[in-house]
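Protein chains in written order, with my numbering: chain A, 1 to 247; chain B, 1 to 247; chain C, 1 to 247; chain D, 1 to 247.
Rather than coming from a laboratory, the hints here were simulated on the basis of the structure.
Be aware that one or more of the hints could be misleading.
Reference excerpt, derived from the structure (chain A facing chain D, CB under 7 Å, subset only) [unchecked claim]:
1) V55
2) L205
3) T232
Pairs of lysine to any residue residues, derived as SDA-like cross-links and limited to a Cα-Cα distance of at most 20 Å, are as follows [what the hints assert, rightly or not]:
4) C:K246 x B:V231
5) C:K246 x A:V153
6) A:K68 x B:V231
Here a beta-carbon is modelled for each residue, glycine too, at the ideal position from N, C-alpha and C.
4 protein chains.
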Amino acid sequence: MTSKLIAIVAGVGPGTGASVARKFAATYPVVLLARNPENFESLAKEINSSGGKAVGISTDISDPSSVKNAVESIKKEFGSDVGAAAAIFNASGGFLRKPFLEVPEEVFSKSLDVSAKGGFLFSQASLPFLLKGVEQKSQYPPTLIFTGATASVKANALMSSFATGKWALRALSQSLAREFGPQGVHVSHAIIDGVIDIPRTKERLKDQGPEAKLSADGIANDYWWLHTQPVTNFTWEIDLRPAVEKW
Amino acid sequence: MTSKLIAIVAGVGPGTGASVARKFAATYPVVLLARNPENFESLAKEINSSGGKAVGISTDISDPSSVKNAVESIKKEFGSDVGAAAAIFNASGGFLRKPFLEVPEEVFSKSLDVSAKGGFLFSQASLPFLLKGVEQKSQYPPTLIFTGATASVKANALMSSFATGKWALRALSQSLAREFGPQGVHVSHAIIDGVIDIPRTKERLKDQGPEAKLSADGIANDYWWLHTQPVTNFTWEIDLRPAVEKW
Amino acid sequence: MTSKLIAIVAGVGPGTGASVARKFAATYPVVLLARNPENFESLAKEINSSGGKAVGISTDISDPSSVKNAVESIKKEFGSDVGAAAAIFNASGGFLRKPFLEVPEEVFSKSLDVSAKGGFLFSQASLPFLLKGVEQKSQYPPTLIFTGATASVKANALMSSFATGKWALRALSQSLAREFGPQGVHVSHAIIDGVIDIPRTKERLKDQGPEAKLSADGIANDYWWLHTQPVTNFTWEIDLRPAVEKW
Amino acid sequence: MTSKLIAIVAGVGPGTGASVARKFAATYPVVLLARNPENFESLAKEINSSGGKAVGISTDISDPSSVKNAVESIKKEFGSDVGAAAAIFNASGGFLRKPFLEVPEEVFSKSLDVSAKGGFLFSQASLPFLLKGVEQKSQYPPTLIFTGATASVKANALMSSFATGKWALRALSQSLAREFGPQGVHVSHAIIDGVIDIPRTKERLKDQGPEAKLSADGIANDYWWLHTQPVTNFTWEIDLRPAVEKW
């Protein structure tokens, strides 16, 4: 790997984040951000031991000083002039299916803190790296991708908390796409409309067969595809769902 | 005025909030919530001196304990069993047209605090009153209305902060409409797509004539219309703009 | 009734069309268009015998020459300079819930012919009357309203035929709203998201009680409300559904 | 090339259609449909002389009998059991930027005939081939892609004719995606939101540099990417625009 440009992935866990990190690690040194080091340690080891480079940084994405520290750590590790080819925001929080009057304020705020404020802080932290990636003539246009969900476009009953944060994040991504596209940064939003096939969802949709859940590696491929789109053909938004999904 | 049901208006100022309060005060005692008492004092006096009843309560809509105090004040004033016929959320914050990398975290958080968390706290505070309004056989279905903006459906460049809060609020309103419609509460969202004709906007669009701005009293009439829709014909969302507006 | 301005309703039958015609007939002489005279004869009689004025014209809304004849008949009846205060397009066709490969080309074309081409011909026929209504200082801004459906915004499986025509009609209404708003004509689109309570739907949703279906008179009231909005506060789109509807 | 499965492209001309045909011809024998043989003759020659296989069939996509003839020709050429791996609908018509009252009925109908009825006929013709592709275990899920435009999601003033057909086509694609996804056919819709860089648009946006227009080959790559998505990760809709495009 000879790229001087890095990829930054926020919200690394045993699902989409890990698949995305592995995919981009084949080309770029990757920075793995997660609150709990357990979520990136084995993944970083795996990438580092298989010829790639990964650096994990324990980060609370909704805390301005924690995100600032992560930026400093990245500069210390890769040099203060390092540019980024990709930044992927995969964090989420505040998921709760509950009657509205029973939703604790803490859960509602958690959704906003992670999805909306976290998306904001991650974007303010990563865009300067991405703009440097433009200056440094990244092979593919530097790309900022946000992971959305069904709840990003449909706010169902009992889902007020999660949906609110996810709509906010989608708004952020659209505004950024409009502002930074002309500056050469590709901003995208992916609506993941279904259950992702990860350890945590093992028991779900079992009776519907192995194709009823989204492949996390497939999502990573789709993110890579977005990353490789040329400056003449940017996609802001894709939806992704299993063929058998009802929608 | 013989109604025992009240109307609650959050975000009262010299614009839409005041027009809405006056309109609903013709039928219901109104509770006026604003952070700064200056924003409701003269309006309350005006309503009270012209045969209506208005009670102003200084409230920070994004602060759980302040909202809780407002609820207590309402119960003290109108009785602990009082029901509401209408609750209107008209607060907003975090408006800033600025390149994303120059948006202070405080402004971004302000938008989320007022529009998203404020909308949440107001809804959790007012829905129990509205559900009592259903029990008490309100003449018109008790109604919860949220004031949106162009930025509720379009996140333009340089508008990330305001749009993020407004999309979040729209999501909240949609989820609540789905949950509380079947319980008899009518939840609506109004997309105000243009400049409202209020003292603060006096200088704007002057060359386009008096019809280039939305009438605040007109918006109040539209909210009243939403309020009077029967349980068989609920509208979740309306857009409102001057005839001459480009969109 | 002293109005010199007329209202034109296309797609009159024993449901929304009749309710809308009755509502607007309280203020304006109404022209009733339907292919089959049976659909307007008793309604016209009812309106004429109760102090209003109604003229029925047998019209195939998807046939250019038939629509042209209707325009001539209107001018003959009301004078060649007559203006219109309202025009409501309520026709639809091509409803079929069927696997796509079993949809006959005739049914698919029927949907396009009535909803899309019919909407086009009706608009081209009625807009000159509405623009005259603007010149003649109609009390309320002359209004062109299109009746949409759930299928106007969601194209479900097995519903390709109906949805295709309805999306086309919605597009037409949006383009016209943008073009004719600045000329003083108010163009609106109503998404009727549920079953309307009319003779034909008597057996549907019976177990869910009388409030599970939309009131046709309620829809007429909503159309009237749209009609009375001032030029500063135009709504392009409303959705309408029973409170208990799942959406 | 060993694939027994074919790709069918409707609306071949010197732009997107040709790029898509070339791209898919690298893997599949391609059938080129266009009304005017001039639009596919040199392309077919080019593909055939460079190791691929292309068959051009003169077809009026809005004429049922012409489309039926095309189906017969395909079966005669490739065998009556031939399956398809991909079918791409790239035809459009009825583009006219004009005040609504000056739009000839013929132009409006042309848009509906090509985009809506043409999309219908092409889908009914190609889906049986695509379903056979599923049975014959196509390497990638058989894919039906529709080319949309800005006017597929926004009906601007003066654009009623083109927008109406394009919204109808989008509705069709959504309904088909929901019906045929569970049967293993991947149905997608691409919103081409900008000017495509083809001979006909040579003079447009010249002052904005070479990156202000969409690359037709880039669109073809994106269609290929959609085609290669696995059955667990289907995208219904993508938008595509130059980085510098205002939207």
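Against the structure, the hints come out as follows:
At about 29 Å, the closest approach between the beta carbon of A:V55 and any beta carbon in chain D exceeds 7 Å, and the interface hint on this residue is violated. Look at A:L205: its Cβ only gets to about 11 Å from chain D, farther than 7 Å, so that hint breaks. Satisfaction of the interface hint for A:T232 is found here, the shortest Cβ-Cβ separation to chain D being roughly 4 Å, below the 7 Å cut-off. Proximity of C:K246 to B:V231 is assessed by CA-CA distance (about 14 Å); at most 20 Å being required, the pair is judged to hold.
Between C:K246 and A:V153, the direct Cα distance comes to roughly 17 Å. Compliance with the 20 Å bound is thereby established for this hinted pair. A C-alpha spacing of about 51 Å is found between A:K68 and B:V231, which places the hinted pair above 20 Å, so the restraint is violated.
In summary, the structure is inconsistent with hints 1, 2 and 6 from the numbered list given earlier, while agreeing with the others.
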